[in-house]
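Throw the hints in and build the complete structure from the sequences for me.
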Amino acid sequence: MLKVNNLVAEIDGKQILKGLNLEVKPGEVHAIMGPNGAGKSTLASVIAGKEDYEVTEGTIELEGEDISELAPEERAHEGIFLSFQYPVEIPGVTVTNFIKTAINETRKAKGLEDMPAKDMLNKIREKSNLLNIDRKFLSRSLNEGFSGGEKKRNEIFQMAMLEPKLAILDETDSGLDIDALKVVANGVNKLKSEDNAFIIITHYQRLLDYIIPDFVHVLHDGKIVKTGDASLALELEAKGYDWIKEELVS
Amino acid sequence: MSKYTEDDLREELKTKEYEYGFYTDIESETFAKGLNEDVVRAISQKKNEPEWMTEWRLEAFRIWSEMEEPEWANVTYPKPDFQEIAYYSAPKKKPKLNSLDEVDPEMLATFEKLGISLEEQKRLANVAVDIVMDSVSVATTFKETLAEKGIIFMPISEAIQEHPELVKKYIGSVVPPTDNFYAALNSAVFSDGSFCYIPKGVKCPMELSTYFRINEGGTGQFERTLVVADEASYVSYLEGCTAPQRDENQLHAAVVELIAMDDAEIKYSTVQNWFPGDNEGKGGVFNFVTKRGLCETNAKISWTQVETGSAVTWKYPSCVLKGNNSVGEFYSIAVTNNFQQADTGTKMIHLGKNTKSTIISKGISAGKSQNSYRGLVQINSRAENARNFSQCDSLLMGNECGAHTFPYIEAKNKTAQIEHEATTSKIGEDQLFYCNQRGIDTEKAIALIVNGFSKEVLNKLPMEFAVEAQKLLEISLEGSVG
Numbered sequence: 001m002l003k004v005n006n007l008v009a010e011i012d013g014k015q016i017l018k019g020l021n022l023e024v025k026p027g028e029v030h031a032i033m034g035p036n037g038a039g040k041s042t043l044a045s046v047i048a049g050k051e052d053y054e055v056t057e058g059t060i061e062l063e064g065e066d067i068s069e070l071a072p073e074e075r076a077h078e079g080i081f082l083s084f085q086y087p088v089e090i091p092g093v094t095v096t097n098f099i100k101t102a103i104n105e106t107r108k109a110k111g112l113e114d115m116p117a118k119d120m121l122n123k124i125r126e127k128s129n130l131l132n133i134d135r136k137f138l139s140r141s142l143n144e145g146f147s148g149g150e151k152k153r154n155e156i157f158q159m160a161m162l163e164p165k166l167a168i169l170d171e172t173d174s175g176l177d178i179d180a181l182k183v184v185a186n187g188v189n190k191l192k193s194e195d196n197a198f199i200i201i202t203h204y205q206r207l208l209d210y211i212i213p214d215f216v217h218v219l220h221d222g223k224i225v226k227t228g229d230a231s232l233a234l235e236l237e238a239k240g241y242d243w244i245k246e247e248l249v250s
Numbered sequence: 251m252s253k254y255t256e257d258d259l260r261e262e263l264k265t266k267e268y269e270y271g272f273y274t275d276i277e278s279e280t281f282a283k284g285l286n287e288d289v290v291r292a293i294s295q296k297k298n299e300p301e302w303m304t305e306w307r308l309e310a311f312r313i314w315s316e317m318e319e320p321e322w323a324n325v326t327y328p329k330p331d332f333q334e335i336a337y338y339s340a341p342k343k344k345p346k347l348n349s350l351d352e353v354d355p356e357m358l359a360t361f362e363k364l365g366i367s368l369e370e371q372k373r374l375a376n377v378a379v380d381i382v383m384d385s386v387s388v389a390t391t392f393k394e395t396l397a398e399k400g401i402i403f404m405p406i407s408e409a410i411q412e413h414p415e416l417v418k419k420y421i422g423s424v425v426p427p428t429d430n431f432y433a434a435l436n437s438a439v440f441s442d443g444s445f446c447y448i449p450k451g452v453k454c455p456m457e458l459s460t461y462f463r464i465n466e467g468g469t470g471q472f473e474r475t476l477v478v479a480d481e482a483s484y485v486s487y488l489e490g491c492t493a494p495q496r497d498e499n500q501l502h503a504a505v506v507e508l509i510a511m512d513d514a515e516i517k518y519s520t521v522q523n524w525f526p527g528d529n530e531g532k533g534g535v536f537n538f539v540t541k542r543g544l545c546e547t548n549a550k551i552s553w554t555q556v557e558t559g560s561a562v563t564w565k566y567p568s569c570v571l572k573g574n575n576s577v578g579e580f581y582s583i584a585v586t587n588n589f590q591q592a593d594t595g596t597k598m599i600h601l602g603k604n605t606k607s608t609i610i611s612k613g614i615s616a617g618k619s620q621n622s623y624r625g626l627v628q629i630n631s632r633a634e635n636a637r638n639f640s641q642c643d644s645l646l647m648g649n650e651c652g653a654h655t656f657p658y659i660e661a662k663n664k665t666a667q668i669e670h671e672a673t674t675s676k677i678g679e680d681q682l683f684y685c686n687q688r689g690i691d692t693e694k695a696i697a698l699i700v701n702g703f704s705k706e707v708l709n710k711l712p713m714e715f716a717v718e719a720q721k722l723l724e725i726s727l728e729g730s731v732g
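Chains as they are written, first to last, in this note's numbering: chain A, 1 to 250; chain B, 251 to 732.
Careful, some of the hints might be misleading.
[As the list claims (entries may be wrong)] Simulated pairs of lysine to aspartate or glutamate, EDC-like, Cα-Cα distance not exceeding 16 Å:
| # | chain 1 | residue 1 | chain 2 | residue 2 |
| --- | --- | --- | --- | --- |
| 1 | B | K453 | B | E515 |
| 2 | A | K50 | B | E515 |
| 3 | B | K705 | A | E69 |
| 4 | A | K3 | A | E69 |
| 5 | A | K50 | B | E679 |
| 6 | A | K108 | B | E693 |
[Said to hold, decoys possible] Among the chain B residues that face chain A by a calculated CB cut under 10 Å, a handful are:
| # | residue |
| --- | --- |
| 7 | E671 |
| 8 | S675 |
| 9 | K676 |
| 10 | G678 |
| 11 | Q681 |
| 12 | F683 |
| 13 | Y684 |
| 14 | C685 |
| 15 | R688 |
| 16 | G689 |
| 17 | D691 |
| 18 | A695 |
| 19 | S704 |
Please keep in mind that the hints were generated in silico from the structure rather than gathered at the bench.
Every residue, glycine too, gets a C-beta built ideally from N, C-alpha and C.
This is the structure in structure tokens:
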């Protein structure tokens with residue numbers, strides 16, 4: 001589904017990703033871990049197409065097509081979703097209005113008519129039930145005055161509504177209490193299918209207690225330096241990252 | 251209004267030029283340029299006005315002649331040469347109409363383009379339209395329905411003939427000719443406008459609506475609107491404006507007077523979209539408007555405005571809260587883009603006891619524009635327990651525009667409670683990226699953010715106006731980021 005080849009990216013002239021390779025197949029869950037400053041969030045932003053970053057080398061392929069020249073909204077239309085570490089607030093725009101606009105803009109890009117209001121309401125009902133989300137929050141302004149947990153829940157709700165092929169969760173677990181963490185994990189598990197894939201970017205192992213990854217990658221200094229299965233995450237939790245750095249040196 | 255789909259919007263967004271910038275080719279009779287007592291007399295004569303009206307105009311002209319154009323507003327523009335303006339323009343084929351069939355087809359086509367087809371208005375059957383094209387009203391609908399309730403809604407020129415006692419009593423009673431330079435000018439040369447009277451205890455069953463257009467090149471527009479709501483009556487009045495594209499600056503100096511007697515309520519909504527000038531700031535309408543309402547006991551006046559047009563806007567819809575327990579409200583969205591300048595706000599003059607006022611102002615600046623809120627809250631010494639709440643929010647786009655807030659507060663009574671809140675925010679790259687990531691392109695994202703920002707005010711507009719206003723906001727800000 002996703003193939004990142006020798007990706008080199010920089011921001012303000014500073015190289016952050018230094019030849020990164022990653023392949024994600026449908027139905028897989030990949031966890032990307034690593035110390036602060038390794039380039040985890042940069043990777044998420046670059047895949048989503050944030051224009052502050054410049055890709056100087058390499059390609060990003062989605063289902064065989066290079067998307068590295070596409071605008072962020074075009075990548076979204078192709079099925080890429082990024083759950084933000086710090087979701088923005090948009091005062092006066094309700095969650096419902098926002099997601100309705102997002103869905104209809106995506107449909108428009110595909111030459112489809114707007115989703116009929118009735119279908120939209122049914123879908124909202126279905127997904128909020130699935131994720132155990134109180135519908136009252138859907139009529140609040142997007143992320144305005146939301147707690148950390150509510151913001152992340154909102155991201156997962158939008159993900160459920162948009163049904164992306166590839167969802168990237170950027171530090172979705174940061175700042176969440178255990179209940180909110182479970183809601184997020186539960187959401188991902190329910191949305192997981194043979195046809196979609198997830199990249200979970202996290203600093204800690206605890207989210208991976210609830211979402212079992214097929215692969216765990218360690219990102220260090222702009223490259224993936226180690227790949228393993230779920231047990232690697234536990235090892236990292238116990239031993240920290242230093243031993244990997246040492247391994248690299250020796 | 252016809253149903254407006256997003257596809258229509260997309261289509262419109264493609265066109266960079268001012269979308270209503272067409273010019274209707276109707277033969278007009280226009281006075282020679284220049285202003286003096288003879289011109290004032292001629293205007294009055296043209297309209298067969300009674301002597302008292304002519305004298306009133308002449309007095310206003312004398313007052314105006316002594317006045318200086320004000321310069322305190324936060325706007326800069328080349329001063330109009332008042333001797334280079336033609337002060338009267340009327341469609342030549344002025345028809346006396348009983349039905350739409352008699353309307354000049356050319357003019358009907360213009361209305362079609364503006365999306366205000368009279369047929370449709372008629373079918374909708376809930377909006378009576380008194381259309382002012384240039385200076386003379388050419389079509390009036392629903393007069394009969396209104397007449398049954400005793401409601402008078404007609405061009406002010408007709409009202410001067412048919413209801414001189416009402417016009418004479420109220421014209422200039424809220425905005426006297428001495429009020430300011432532009433009000434004096436308007437009083438001397440006003441061409442036409444609307445007059446509305448709601449009798450005691452009558453709730454006007456429909457939204458009254460007038461569409462103004464500037465048409466004849468070089469003709470200043472000087473509308474005069476007078477709305478009188480008698481005791482315990484109610485009326486909602488809509489005013490919408492569009493103007494054709496033009497190279498030279500056009501002067502627009504209207505006066506609107508509202509009188510809400512005891513227990514009456516007037517809701518006055520405006521969507522203003524005069525030609526703002528092109529991307530380089532060329533052309534565009536100068537809009538110097540005096541709008542004021544007087545509230546008697548328990549009365550309420552609510553101004554709602556969406557200002558997207560004009561090169562220069564100078565406008566402060568105000569309320570004089572004379573009666574005890576009267577209420578004044580001002581809800582405003584002012585958008586400036588490119589080189590537009592707006593200095594707009596309100597005045598709330600609290601005279602009566604237990605008077606209340608609310609001000610919600612949303613300023614949106616883009617391009618190289620300057621957007622100023624200027625507001626006065628004045629609590630008179632006799633105004634026990636007066637309350638005011640003001641909220642002024644500014645939204646900036648890009649780094650070259652400006653937002654300014656000039657709140658003036660004068661409280662002469664210790665029991666007054668005045669609250670003022672102000673915020674300034676900027677549409678951030680991170681907000682746009684977030685929207686983009688969800689599949690919403692930048693143009694649409696801005697529209698969404700701006701609509702969210704303006705929501706409290708948009709919600710105050712009548713439904714059909716709210717749709718049009720939303721559309722105007724999107725068009726006005728097109729191309730303002732990235």
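Each hint tested on the structure:
no. : hint              : result
1   : B:K453 <-> B:E515 : holds, 9 Å
2   : A:K50 <-> B:E515  : violated, 52 Å
3   : B:K705 <-> A:E69  : violated, 36 Å
4   : A:K3 <-> A:E69    : holds, 15 Å
5   : A:K50 <-> B:E679  : holds, 10 Å
6   : A:K108 <-> B:E693 : holds, 14 Å
7   : E671              : violated, 14 Å
8   : S675              : holds, 8 Å
9   : K676              : violated, 12 Å
10  : G678              : holds, 7 Å
11  : Q681              : holds, 5 Å
12  : F683              : holds, 6 Å
13  : Y684              : holds, 5 Å
14  : C685              : holds, 8 Å
15  : R688              : holds, 4 Å
16  : G689              : holds, 4 Å
17  : D691              : holds, 5 Å
18  : A695              : holds, 9 Å
19  : S704              : holds, 7 Å
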